[in-house]
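**Q** Generate the whole structure from the sequences, applying the supplied hints.
2 protein chains.
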Amino acid sequence: MSNRVTVVENILSANDQVAHLNRKLLDDRKIFSINLMASPGAGKTSFILQTIKALSPSFRIGVLEGDTAPVTIDADKVNAVGIPAVQINTGGDCHLDAIMVSKGLEKLPLEQLDVVIIENVGNLVCPAAFQLGTHINVLIASIPEGDDKPYKYPAIYRGIQVLIINKTDLMPYVNFNMDYFRQGVEMLNPGLVTFPVSCKTGEGIEEWVQWLSAQIQTNRS
Amino acid sequence: MSNRVTVVENILSANDQVAHLNRKLLDDRKIFSINLMASPGAGKTSFILQTIKALSPSFRIGVLEGDTAPVTIDADKVNAVGIPAVQINTGGDCHLDAIMVSKGLEKLPLEQLDVVIIENVGNLVCPAAFQLGTHINVLIASIPEGDDKPYKYPAIYRGIQVLIINKTDLMPYVNFNMDYFRQGVEMLNPGLVTFPVSCKTGEGIEEWVQWLSAQIQTNRS
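From first to last, the protein sequence lines stand for chains A and B.
If you count by this note's numbering, then the first sequence holds residues 1 to 221, one letter each, in order.
If you count by this note's numbering, then the second sequence holds residues 1001 to 1221, one letter each, in order.
What the hints contain is simulated information worked out from the structure, not anything from laboratory work.
Certain hints may be false.
Under 10 Å between C-beta atoms, here's a sample of chain B residues computed to sit facing chain A [stated by the list, open to error]:
no., residue
1, D1067
2, V1071
3, D1074
4, N1123
5, G1146
6, K1152
7, D1169
8, F1195
9, K1200
With the Cβ distance kept under 8 Å, some of the chain A side facing chain B (calculated, not the full set) [as the list claims (entries may be wrong)]:
no., residue
10, P57
11, F59
12, A69
13, N89
14, G91
15, N123
Heads up, the beta-carbon is just placed ideally off N, CA and C, and yes, glycines get one too.
**A** Right, here's the structure in full:
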């Protein structure tokens, strides 16, 4: 058992070292970066597309798409709107790590970018344990997933700087107690910056993009 | 790298050995068992509660609840309807393994049961790699997760005997192409037994429970 703990600690330490290098690479080029995490189907790619639409007139964006299989559905969607996107196939692994991201960053035209958005693998457990070197970790929760997720997956809620609550348009059709949900989040991560949005209707996207634009400006100045 | 592969293979082999023992324990008692997998928030616990409601007049049910945190929300819900439920806290691990299930089974009153339902951790990646020793692996997909999940998480779709498509009541409010979804499933797992259901309205539950009852009867005879 103690051997196992040692192995896990070494892996994390190596990951953190590479995460530190990723951050330096991005900071040297004044690129703001986002690690976007969520359950499968919470709307990560739709959220990226909405963010690109609102942000791309002002800033140059690049995207890394994490997938467990060699299927480029998400990267294709991003490329289709004229944004450089690189797929990272984890080969079955349930999360991105800093080394995979390091290799992905090499394939993006970094000299031409202001922002890099990294779409992690759809998973609420392991992505929380691997820092990628980004400036912020963002989690998307979605209304149909239910209001108990902060209570059940506390680690990921503790390690984020921004929470997006997506699919607010489905509120009338599901049982979701927003007070109970927010109480769980507040307990784990007091004062967390939170944006309720609907990627379907576009509601709430403007507020998020205004906040994000301010972060990108600060990072470039 | 080759060391890492060896370690992973040894873990899986040990898991499979314990899975085999779990199966023998269940078979000796003629208990039919289900490994229930899904994304976070696809409706695993609601589905278990609906199944209990329809099945418990005829059969005696026990439940193991896998969670990554020591939060007994799901086990409490099952206990509240008078069904023995034991929580397995994975301590942060993103899946159940056969050893955890073996320990959980020890805490259930097996002599008094016809069926054991095991709710895995909400995750579409790693649970697919760990057999628990159950008679069937069941996956719940849910409509708001989107129609591209079979393409993005192929391994879990390949390793199941039954697919539940939950939250059909939300079909009018989301973009979900059922033909595209089913085509992806058929490619990975031809002829897969599939039940569209709504745990909210109860639609489709009867068909699933009829099928399940037949499996339990066959297993007892």
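**Q** Just pull the numbers of the violated hints for me, sorted ascending.
**A** Violated hints: 8, 10, 11, 13, 14; rest satisfied.
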